[in-house]
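Go by the hints and put chains H and Z onto chain W.
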Amino acid sequence: MIFSKEPLLKVMGMTKYFGDRVGCRDISFELWPGEVLGIVGESGSGKTTLLNTLSYHLEPTRGIILYWSEQQGLVDLGQLSESQIRYLMRTEWGMVRQNPREGLRMRVSAGANIGERLMALGVRHYGRIRKEVQKWLERVEIDTDRANDLPETFSGGMLQRLQIARNLVTQPRLVLMDEPTGGLDVSVQARLLDLLRALVAEFNLSLIVVTHDLAVVRLLTHRLLVMRHGEIVESGLTDQLLDDPHHPYTQLLVSSVIQV
Amino acid sequence: MRGPLKLQPKMKSKSVPLQEGYNFAYLDEGTKRMIRRTLLKAIAIPGHQIPFGSREMPLPLGWGTGGIQITAALIGPDDILKVIDQGADDTTNAISIKKLFVKTTGVQITERTEKATLIQTRHRIPETPLKEGQVIIYQVPIPEPLRFLEPREPETRKMHALADYGLMYVKLYEDISTHGRIATAFMYPVLVHHRYIASPSPIPRFDNPKMDRMPALQLFGAGREKRIYAIPPYTTVKSLDFEDYPFEIEKWDQQCALCGSRESYLDEIIKDDQGGRLFVCSDTDYCQQRREKGKNASPSEVVAMKAVRRKKGDETT
Amino acid sequence: MYVSAKGGEKAISKAHEFLAEVRRGDLSIPELTVEQIRQQLSLAVDRVMAEGSLYDPELAALAIKQSSGDLIEAIFLLRAYRTTLTRFGVTLPIDTTRMTLLRRISSAYKDIPGGQILGPTYDYTHRLLDFSLLIPSEKGEDQKVLKCEFSTQGEPFARVLEFLHQEGLVESGHSGESETVQDLTLQPLQIPATRDLRLQNLARGDEGFLLSLAYSTQRGFGYNHPFIGEIRVGEVSVEFVPPELGFPIEIGKITVTECEMINQFKGSSTHPPCFTRGYGLTFGHCERKAIAISLLDRALRTREFGEAQEGPAQDEEFVLMHSDNIQASGFVEHLKLPHYVDFQAELTLLRNLRKEYRDPKGEGEQP
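Chains as they are written, first to last, in my numbering: chain W, 1 to 260; chain H, 1001 to 1317; chain Z, 2001 to 2367.
Isolated chain W (complex conformation):
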């Protein structure tokens, strides 16, 4: 971890309503470069809404999201145009979906999936794109001769690794992940987790990971937010929080998480 004076992300009072239903309410936290933040809570506690609101896939009803951009300095996401948000999302940010089919283009080859962000940024040299594709396939441990294959022919673990490569090709600083190990076999989960740990270290990535998975929590995250009914009920360093949960709900959750 590299320490910096400025956080990467500062969220203040972020709230999302769907009509009169609460999606998430009064969310505030900071994220530092190289830090991995876990978000835990039962289904329906607002974790995914938080992720989608954070990335402006959903517009927050209230609240401020500040981001220290490498290219633009301090930006208030609420003040950016949709075009600027989209640009940010494909340069400095990444989003890994639980279902890789939603995060990938299933009708184009693995190579095209990895190359798309580069092409969107204006890279117009096939050979260079191809080199990046090879490099990233290797990096996520997919055989490079699969570059021209459709993702449809990949296993679940490979799809998830491909989705990660597709996001990391532009070397983002912040990646949001929604249950990255969900639906995978235990052995496949372990391999993915190892890969993520290595990538975080190698690229000084900041991650926000929504998860149910104790292994992800223990092995990957530095800090935890516990959510219930759309609100943060407890937060702290992962080790402390798992060993000494204060909020009764966190106690229940940690014990149930541990049972998994």
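For the record, the hints were derived by calculation from the structure and aren't laboratory data. Take these hints with a grain of salt, some might be off.
Unchecked claim - Using C-beta positions, here's what the derived DEER-type ranges look like:
{"#": "1", "chain 1": "W", "residue 1": "149", "chain 2": "Z", "residue 2": "2021", "range": "55 to 61 Å"}
{"#": "2", "chain 1": "H", "residue 1": "1037", "chain 2": "Z", "residue 2": "2267", "range": "46 to 52 Å"}
{"#": "3", "chain 1": "Z", "residue 1": "2191", "chain 2": "W", "residue 2": "185", "range": "37 to 43 Å"}
{"#": "4", "chain 1": "W", "residue 1": "22", "chain 2": "Z", "residue 2": "2092", "range": "42 to 48 Å"}
{"#": "5", "chain 1": "W", "residue 1": "138", "chain 2": "H", "residue 2": "1215", "range": "38 to 44 Å"}
{"#": "6", "chain 1": "Z", "residue 1": "2094", "chain 2": "H", "residue 2": "1215", "range": "52 to 58 Å"}
{"#": "7", "chain 1": "H", "residue 1": "1253", "chain 2": "Z", "residue 2": "2191", "range": "45 to 51 Å"}
Positions of the beta carbon are idealized from the N, C-alpha and C atoms, including for glycine.
Chains H and Z in isolation, oriented as in the chain W frame:
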């Protein structure tokens, strides 16, 4: 477009009886005005598709009604009209469109590219370079170049608005990965004035370079899809490519069997049951003019011409 | 100077002559009159008027005659004629509660105020070929006149859904209504569409397409639990306010079919649960289509109600962009036009690709 609107056209030729009961050029003046306003907007934002209230025309949607509506909105009694389909003046649909305008306007019709003030086309740009003051009107089936990559209109609209064109290059990337080259033979997408990606309509990519900095005004009409777009004269039009896989056009080893041209786009004609083939210009006016200027046909050319006529001309009912 | 006669021109004019001959058929058989079509193929006339979006039974019958009974071709003829007509104004909304009824049924209630009126329907006929129709009956023989029109005598027939609405059991019929009604025939359809444009689009849409999509909702691709609240068929008067008069005058009567569908209920923390609606209206007597429209209208309100989109019938862009049979047939049939140039381009490309496949020459990376 040229001069004030004249509701009562003077008859150009007494042998052309105008269709009774219809306005000049079929469309009512209100509709023409709406289309002309759309055209002005389109010209002001080169390559950007403008929705318009496309009308039902007496020809089927998908058979050139977008082009016909633009032509109808622009044509005046003094215009000279040329209509081509597949480069040819005498293909059935070109004839049918010409007949509609002859019946409803009485304007002069020509096959000579350089004489026409308005050229309506399907699938080709004439070989004879177009000049300032001419207008070429393309019939467009699918105006959205991103449509086969992204079927949703609200999403493609957004992609254009944000110039978010990564997906278009994904298609080219896939072509090169699979075929070793960009495998788009026609309707090859172009970037207009460094901003909007547009469809050149289904012209062969052979014609794409003609669009770049063309002195004539280029108008595109999609009747069924209700979109109009335009490329003003002398606008930069770039065919999409990669630096290491540059855009290139088709080349033939053959020459035109009729006029001997090696520069024009060639149609392939199957001349006998043994699969014997010959190649002739797709642009009939260009080919004709070259033959008129050149020498008399050689015996081998006479044979070729006969084969072509059998294939192209004598279509029976 | 005009086009010199070439193969294409000659071919077209000969084809047209041939077509006229085929259309007329055997000259020893008397020619159909437009009036016969209008009287005896009235449901075909109604469909052509509905999808041609022009209420003129005589011209619709003419179009059917001219198109040899190809109804899509007839609809096209009517549409192309309609485009050229001058619009001199907009009528007042028709009031279907003041309809002179030909038929009115509800499948939600056994009995309704004003009564169920079966009217002329094929619903309960046995589909047995009636060989007696092979021989035309003598004139005047079947002239028993059935008086099957029910007039309101000035008193409107309330809609069945109004009874439910009075109790608050069904949502208001004005949901999704916009201030100004747009005209689909003058403006391009923009997605997402407002409900007025959606209903116009469906009213003009192809009966077969709408029918199949409506059917798909019943088979689980976007189920919406429908009951026919009411179908009514009959004549309504069309009223217009000429600016120089300043009050409405009746300018004619048209037959319409209206279907109101009661659908699954909705509720939230701020609204008690109530049934939702789907609505369909067509020119003429087109029940099958009116029902299909009302099913689709409801299915397309998916977004409004925050429901999951599960079937193509709930996909607004898919339904509205593909419902028009004039657009569809034009584009599907344009494949008959010459495509020599594009085909040549593909052919050249394919030959080159095959050449390179056999002889890569080390040029370019082989994947």
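| Distance restraint hint 52 to 58 Å, applied to the beta-carbon atoms of residue 2094/Z and residue 1215/H | holds, 55 Å
| Taking 38 to 44 Å as the hint, is the beta-carbon distance of residue 138/W and residue 1215/H inside that range? | violated, 52 Å
| Status of the given 42 to 48 Å range, CB of residue 2092/Z versus CB of residue 22/W | Between residue 22/W and residue 2092/Z, where Cβ atoms are some 46 Å apart, the hint holds.
| If you check the beta carbons of residue 2191/Z and residue 185/W, does the distance land in 37 to 43 Å? | holds, 42 Å
| query | Between residue 149/W and residue 2021/Z, is the Cβ distance one that fits in 55 to 61 Å? | reply | holds, 58 Å
| task | Please test the hint of 45 to 51 Å on the beta carbon pair from residue 1253/H and residue 2191/Z. | result | Distance hint for residue 1253/H, residue 2191/Z holds at roughly 48 Å.
| query | Between residue 1037/H and residue 2267/Z, does the C-beta distance stay in 46 to 52 Å? | reply | For residue 2267/Z against residue 1037/H, whose Cβ atoms are near 47 Å apart, the range 46 to 52 Å holds.
Checked against the numbered hints above, the structure breaks only hint 5 and satisfies the rest.
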